[in-house]
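Residue numbers (this note's numbering), protein chains in the order written: chain U, 1 to 311; chain G, 312 to 638; chain E, 639 to 911.
Source of the hints: derived by calculation from the structure; they are not laboratory data. There could be a bad hint or two in this list.
Claimed, not checked - Dumping the calculated BS3-like pairs for lysine-lysine here, alpha-carbon to alpha-carbon at most 25 Å:
1) U/Lys148 / G/Lys444
2) U/Lys127 / U/Lys89
3) U/Lys88 / U/Lys127
4) U/Lys148 / U/Lys127
5) G/Lys554 / U/Lys127
6) G/Lys554 / G/Lys444
Below, each chain spelled out in residue letters.
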Amino acid sequence: MSLLAVSNLSVQFEGRAGTVPVLDHINLEINAGEQVALIGESGCGKTVFGMSVMRLLPSNARVAGSALYGGRDLLLASEQEMQQIRGKKIALISQNSASALNPVLTIGDQIAESLTHCTSYRGEDLKREVVRLLTILGIERPEENMQKYPHQFSGGMRERILIAMALACNPDLIIADEPTSGLDALVKAQILRLLRSVMQDRTLLLITHDLGTASALASHTAVLYAGEIVEYGPTHDLFTLPMHPYTQGLLASSPSAGFHPIPGMSPAPGQVPPGCRFCPRCSCAMEKCSSTHPVLKIAGKDRQVRCLRYD
Amino acid sequence: MIDGHYLLRRICYSGAAFFVCVTLTFFILHLMPGDYITNYLLSLSNTLPQEAVIQFYHQYGLDRPLAEQYLIYIFNILQGQWGYSYQYGLPVFPLIMKKLAWSLVILLPAVLLGILIGILLGAWSGWRSGGKKDLALFNIMIVVRAIPEFWWAIMAVWVFAFCLQWFPLGGFSSISVLDSGLDPRDVLYHAILPIGLTTSFVATGNYYLMRNSMIAVIGEDYITTARAKGLDERAVLWRHALKNALLPMVTMTTFQVAGIIMGNVFIETVFSWPGIGLLTTDALRMRDLPLLEGIFLLDTLMTIGAMLAADILVSYLDPRIRMGGHD
Amino acid sequence: MTRQALLRVSVAILCLYFAVALLAPFIAPYGATEIVGSPLQPPDREHLFGTNEVGQDIFSQLVYGSQVTLIFGFGAALLSVAISTCAGIVLGYYGGTVDEVVCRILDILMPVPIFPLLIVLTTFFNPGVVQVSIIMGVLGSIHGIRLIRAPALSLAETPFIEGARAVGAPDLRIMSRHILPNLMPVVTVKFVTASQHYLVMGVGLSFIGLWDTMTVDWGSMIQNAYSSGALSLGLWWWILPPGLAVVGISLALALAGYSLEEAFNPRLEVNRI
């Protein structure tokens, strides 16, 4: 059952130098119970995707397309409606735990804020609920720690706090933006384990550039390049048999595969080449690749790819 | 708790600052051509009885070597003996204190109101930054700030006192004081224009600072997190944005307050309000060095006090400072 | 009006003021202290702004007075910014004990109030415009050094600068060719806002009688007119010209300063007028 269906999502930003397109006709469907990873390099627009669904983009963003959730198009919903959805139905775990938490409020207060928004817990019940959440997330001595401030916690701890805030209202969908970035290997493994257990029966949209995180948590993966989805499929299949040259390149560039980087650089937003956007860097480009823009097509069971080689 | 080390260091620095200022005033006083007594006598053009002159010499140790004079000077300062004014012939410290009280009649309400208005307007403006209303207000504030204080004062007197005749021309009370003594309501009536003007200036300064602070805060990630939680605009503004935007304001506001306490020179001069500002102007005209130095030292003390107060306040209010690092 | 247009207008106004100050002897019909007519005459063909209480031509006073005002304002600002920039860059670049010591000293000097100190010092030094502007420049640089030092410090720590040092490029070259240009935005804004600040302060100081009474500048003109009762006598031409002159240049500088600040820090942007 489809929980979130994003169709033809295009996002542009208006600036002094003109309009910069960031996302180009994105189609992505997330079914209930699935964990979908959206992978791509830094700056490719993955975070913008998450923010568009939540309607948290800055005022100079121009959004087109639709994002259907619960029979409603989120992109057309009013601000009041969105406030009922955010946190309660769709929750966001922001990037960068260091700055995502309010430095002058205790973490207990910040988690409680989420709870008061969607439950009727107050007073002692509220406190108990906060403690319960903190315990689930593996934070020790919760009664004591909930009185502390964000700067008093390590990166891994803050990540857990952010996850606790997201889980507070038992949302239908959780969007996790780079939950493991900035964490050292040991802590990262802990957080991944934690997320695995906590997200088991939940629907997750995981935004990350880290292939390891995606393979650990996601059932399905979509690959984003230059503002477009270039490949989609079950994570395991995608990682063992990547179809798009970019995906292949990504996998080959990981340490375990031998650190083979993809030559060249991603095009800057708004400066994409005509034809296939990956063509300039593609090792198996054909003649028509530089002039014909490939379309995302079905390429097998539950797989899609945007490449002229499979047409 | 509050970092004792940091506070101790700030107190030592403050002491050092005051010490530097006192040294400076000492040397200026003694480097003036002629000695203190002669200058004093010359500027008064009345002769003091011989006993007074001798008492002066002893009190200031003017017949002793310079180093000793310096120590005596410091000792005197610390005791509240700040010298004698050339033009009034009175001890400087009590004179300044009396005038300070008058200045505070204008400053206290003006500063409190000005800070409040400035912060509220600045927060509102910053929250809507870039919008039409913010634009309009911001530009008005620029113009208000660009016009010098004394010019505002003169124009205010012209429009409100002369043309409209709503308020008195200046001074702190009407002629009737000679008959019936000081009437608080009369004084207040005279104080309205000066207070209004001072409030505006304090407000514009705080407006600008608060607006900048607010704009900086709005760009922070935790505001996005707050919105992502589904909080409405008011909750985001009050619980998250304002609290953080006000923090840097504490320091800046206390600094401002310290500055204004002695700096209301122009308004007091234009309105002939008998406070420190007017005292400064008169002292300047008469080249009354001891008095000017006294005002300078007092201002230094107040600024030091304000900065220390700000330090203590901030270290109490900001959990990052209060609670130290993470465990 | 866009920011560009605003900046251009401000600069044009400033050029006008400068021109008047520079060409004063050619523009002013009479001397500043010459007694040229009967006192308190309203404006007419001979005296563009009328005469004051002793019969001096107000227009000429205005023109000559601009020299004092501008010299003080811009002179003090120039000196203050020059000292702040040099000191800030040197401290930020070299760091080390010198930086620490100087910062401690600056920390100690922070609470010292400049305005009363200036008054005390000028009482002692017997104020000429140039002397006072020098003193003001030096005193004003105390706060400015911190402002420049911060970005200079972070610039000095960039890999680029470290690399240049490692290669053996001479320090002076690094500081002037690499660090200074990057700081120009901050320095420019500081200069413009400082000019406005000191200029207005200069007029204010003159208003309360800092200079000796023979100096004719806008502040003393306003003070003279006000204390002689220009308002009560309704003699607007006596008091308005110098006042409006100050307001004019102050506004031009303030708007220029904000436009520049906006240009360099887009987040403070207040789009259009």
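To see whether the hints hold, each was checked on the structure:
no., hint, result
1, U/Lys148 / G/Lys444, "violated (39 Å)"
2, U/Lys127 / U/Lys89, "holds (22 Å)"
3, U/Lys88 / U/Lys127, "holds (19 Å)"
4, U/Lys148 / U/Lys127, "holds (14 Å)"
5, G/Lys554 / U/Lys127, "holds (23 Å)"
6, G/Lys554 / G/Lys444, "holds (23 Å)"
The structure shown violates just one earlier hint, number 1.
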